[in-house]
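Go ahead and model the full structure; you've got the sequences and the hints to work with.
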Amino acid sequence: MNVKLSLTVNGKAVAAEVDPRTLLVQFLREHLRLTGTHVGCDTGQCGACTIHLDGRAVKSCNLLAVQAQGAEVTTIEGLAAPNGDMHPMQAAFKECHGLQCGFCTPGMVMSATALLKDNPKPTEEQIRAGLDGNFCRCTGYHNIVKAVQSCAAGS
Amino acid sequence: MGANIANGIGASALRKEDQRFLTGAGNYTDDINIPGQTYACFLRSPHAHAAIRKIDTRAAAAAPGVVAIFTGEDLAEAKVGGLPCGWLITDVNGQPMKEPPHPLLAQGKARHVGDQVAVVIAETYLQAKDAAELIEVDYEVLDAAVDVATATQPGQPAVHDIAPDNVCYVWGHGDKAAVDKAFAAAAHVTTLEFRNNRLIPNAIEPRAAVAQYSRSEDAYTLHVANQNPHVERLLMTAFVLGLPEHKVRVIAPDVGGGFGSKIFLYAEETVITWAAKRVNRPIKWTAERSESFLADAHGRDHATRAELALDKDGKFLAMRVHTKANLGAYLSTFASSVPTILYATLLAGQYATPAIYAEVTGVFTNTAPVDAYRGAGRPEATFTVERLVSAAALEMGIDQAEIRRRNFITSFPYATPVGLTYDTGNYEATLAAAMKIADVAGFPARREEAKKRGKLRGLGYSCYIEACGLAPSNVAGALGARAGLFEAGEIRVHPTGSVTVFTGSHSHGQGHETTFAQVVAERLGIPFENVDVVHGDTGRIPFGMGTYGSRSLAVGGTAIMKALDKVIDKGRKIAAHLLEAADSDIVFEDGNFKVAGTDKQVAFGQVAFSAYVPHNYPLDRLEPGLDETAFYDPTNFTYPAGSHICEVEIDPETGVVRVVGYTASDDFGNVINPMIVEGQVHGGLAQGIGQALLEQAVYDPDSGQLLTGSYGDYAMPRADDLPNFKVDTQVTPCTHNPLGVKGCGEAGAIGSPPAVISAVIDALKELGVRDMAMPATPHRVWQAIQSARA
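The listed protein sequences correspond, in order, to chains A and B. What the first sequence shows, in the numbering used here, is residues 1 to 155, in sequence order. What the second sequence shows, in the numbering used here, is residues 1 to 790, in sequence order.
Simulated from the structure, these hints should not be mistaken for lab results. Be careful, since some hints might not be right.
Claimed, not checked - Which stretches of chain A does chain B cover? Using the computed rule of at least three CB atoms under 8 Å from a CB of chain B, they are:
#, stretch
1, 2-13
2, 31-45
3, 61-67
4, 72-84
5, 113-121
These numbers come from a predicted model, not from an experiment. Note that beta-carbon positions come from the ideal geometry of N, C-alpha and C, so glycine has one too.
Printed below as a string of structure tokens:
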């Protein structure tokens with residue numbers, strides 16, 4: 001029995017009927033073809049699927065799509081300005097070489113932006129603790145931390 | 001070398017690939033959807049070792065959405081072959097290694113937890129997964145051989161009938177007699193026994209594939225998360241499916257990390273390629289992370305006894321190493337070569353040890369296949385050498401830096417006793433730089449300060465070397481390689497002078513689209529923005545051996561340089577015609593062809609235009625067009641080397657080890673993009689520190705169940721587990737490739753584990769601790785402290 005779902009994704013109203021066991025990340029990737037949100041594990045630990053739900057960073061593999069009923073969702077595709085200019089966090093990741101293969105990157109950027117929203121001037125330790133829920137296997141986190149610091153300094 | 005243009009050689013050019021990765025526009029395999037596609041789910045063995053008496057698929061076949069189900073029997077009937085091993089090792093008795101069949105789907109027996117038993121193809125993934133649960137397999141559970149250290153003992157169950165003692169090969173390397181003689185005369189012998197812990201690669205993108213068959217073209221297209229699509233195609237078509245190579249196109253699009261684990265030809269993508277024609281629908285398969293843990297090739301897993309013989313002054317006389325290497329249940333693509341060719345040949349390290357002998361036993365066990373993981377054999381060799389050196393220094397009361405300096409190779413070329421000839425290096429330079437940056441001089445004060453806080457500080461050294469730029473094909477062939485190891489590059493100059501580069505290397509995070517563009521822009525004197533790099537598609541690229549072994553720039557970059565030479569050579573002839581001069585009078589500088597000694601010149605773009613609009617063109621002696629391909633086979637390996645210094649602080653009350661300082665001074669030869677090189681080092685260090693302190697794949701020794709089968713159990717390094725790194729490069733250019741480059745991708749993972757472990761031991765040495773196993777978890781460290789105090 002499919003369930004009716006309506007929510008806002010990246011500023012646009014979306015309505016759909018979904019199998020109730022559909023995860024939010026599956027809904028984004030498979031129904032809306034927003035493939036920037038990635039799936040790196042099936043246990044809610046890697047953070048590659050991190051998005052913003054009503055302004056909070058959440059792991060979209062840990063929610064059913066129906067739990068986003070009526071919510072405002074932002075994915076990596078919705079982070080840049082409407083004219084295409086990158087969000088300052090995206091720009092900082094590029095400037096500081098905070099990404100390599102790019103797979104963890106969308107989730108990492110979404111976590112990092114939420115982190116600065118909560119704590120605009122974090123210490124290095126707070127940044128590392130704040131990104132604890134996002135795995136990166138390429139960068140050793142060194143340049144990711146630098147990117148967040150650089151973004152915080154610029155904002 | 002220095003940049004003559006913006007974003008040329010030596011510049012930290014920002015990466016071209018970042019725009020798409022940062023905005024969600026990356027195109028990874030699971031992002032690809034083909035109309036009409038179905039989904040595959042593999043049913044995997046829950047047992048480490050079991051005879052398969054019967055598989056009943058009737059209920060599953062009747063489940064909603066199921067399109068087809070295949071088992072090992074179906075593949076055998078269709079005469080589909082097994083997965084090949086790409087490297088033949090010949091044992092100490094001159095016999096070939098044991099090569100048991102490696103079926104795509106289990107036939108008769110399952111040999112490790114996660115072994116593929118059947119595949120369900122359905123309209124949706126959930127339907128495929130639901131149906132897979134309805135397949136009834138009648139297993140007869142057998143005893144399992146799990147641990148590499150004991151699997152060869154009498155009475156252990158045999159993984160394969162053709163290897164009743166579970167020995168794939170016993171391989172020897174070096175002069176045993178000379179080594180035994182040197183040991184007999186040694187003033188001091190240091191002996192260590194240790195495990196090089198088993199690791200699970202864990203690229204954050206799980207393996208994935210989408211296979212499609214076109215009836216109109218009678219051809220296949222496979223998108224797959226892979227590091228070497230041409231190798232994948234060659235192995236799959238020629239050795240397994242018996243398909244003509246030109247009818248199969250393999251595309252490795254954006255790939256989310258590899259670290260070796262995506263080199264190999266795996267069963268899953270091979271099965272769905274075969275099945276795509278059978279069901280006449282595209283098929284997608286994406287691994288769940290649990291499957292990655294169970295069925296990606298793992299890394300390391302050695303049990304080693306190593307001895308170093310020294311004279312009274314701490315000069316190394318000889319080294320003797322016995323290693324049992326876990327190969328897992330089947331021989332993965334390069335499994336046999338990793339603990340042999342890529343291991344024992346590196347045991348000289350940076351030192352002039354006159355005699356070395358290594359004996360390696362390759363062992364089958366009922367565990368996932370083990371193959372190359374970042375460093376592949378060289379981290380294991382470095383751990384062996386550097387732990388021996390650090391332990392010897394401690395035992396003999398010699399300073400850690402001093403014992404290394406006394407034994408460094410200082411003149412080049414240098415032929416080691418284990419078969420390699422180092423072309424160049426300066427080991428004193430990297431050690432001196434690392435010691436300065438790490439402020440070794442200030443360490444005693446930091447140790448005292450920590451002591452006042454109740455903490456224990458230690459400093460550990462590692463001076464590593466690696467052999468990269470794989471490889472001279474004839475040398476590799478003589479050692480058993482069943483493939484060449486050259487690289488291909490094509491430079492396609494467009495009529496308006498912009499350039500598309502086609503490379504057989506593959507980028508899965510390394511930034512080739514940027515680095516290779518810098519090389520081309522610099523050489524042609526054209527804007528970096530006018531160069532695009534295409535990789536990962538057998539349909540567009542002439543050929544390629546792919547990316548692993550830190551080979552891309554040294555081998556792939558050289559192929560590009562050779563193709564550029566051809567472009568410039570042809571351009572010179574075109575320019576000579578346009579400038580009405582002799583070919584030999586034309587020089588190419590800063591993007592212009594010039595008549596030497598005059599102010600007559602023509603820009604590269606004009607020459608390109610002439611090549612495609614050949615109105616005024618030497619058609620009588622030159623073909624139109626400007627598109628050149630080169631294949632390059634290296635003449636030697638490259639030898640990146642460096643010194644790493646790790647500083648740790650240990651809380652003796654909890655056993656928690658914190659890396660408080662990490663310095664790496666590396667010699668990668670010339671550096672094209674320092675920003676990217678630093679990033680590569682950072683990532684390698686994280687994996688090496690992960691190995692030393694956190695990561696370990698654990699199988700239950702009796703049942704063979706993988707106990708670390710999720711991120712809840714396998715300790716991946718997180719942001720707050722790691723420090724900031726201090727990295728530095730020293731340069732001795734490689735002597736045998738035109739860029740003078742050596743490779744940097746694996747260095748961090750190779751150099752760091754012994755530096756970390758030696759630092760832990762240094763911190764605990766005053767308590768009497770002399771050894772520490774990897775990973776040095778809080779529990780292990782705390783126990784070592786307790787037993788030392790007892």
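Evaluation of the provided hints:
no. : hint    : verdict
1   : 2-13    : violated (count 0)
2   : 31-45   : holds (count 12)
3   : 61-67   : violated (count 0)
4   : 72-84   : holds (count 5)
5   : 113-121 : violated (count 0)
Comparing the model with each numbered hint stated earlier shows that hints 1, 3, 5 do not hold.
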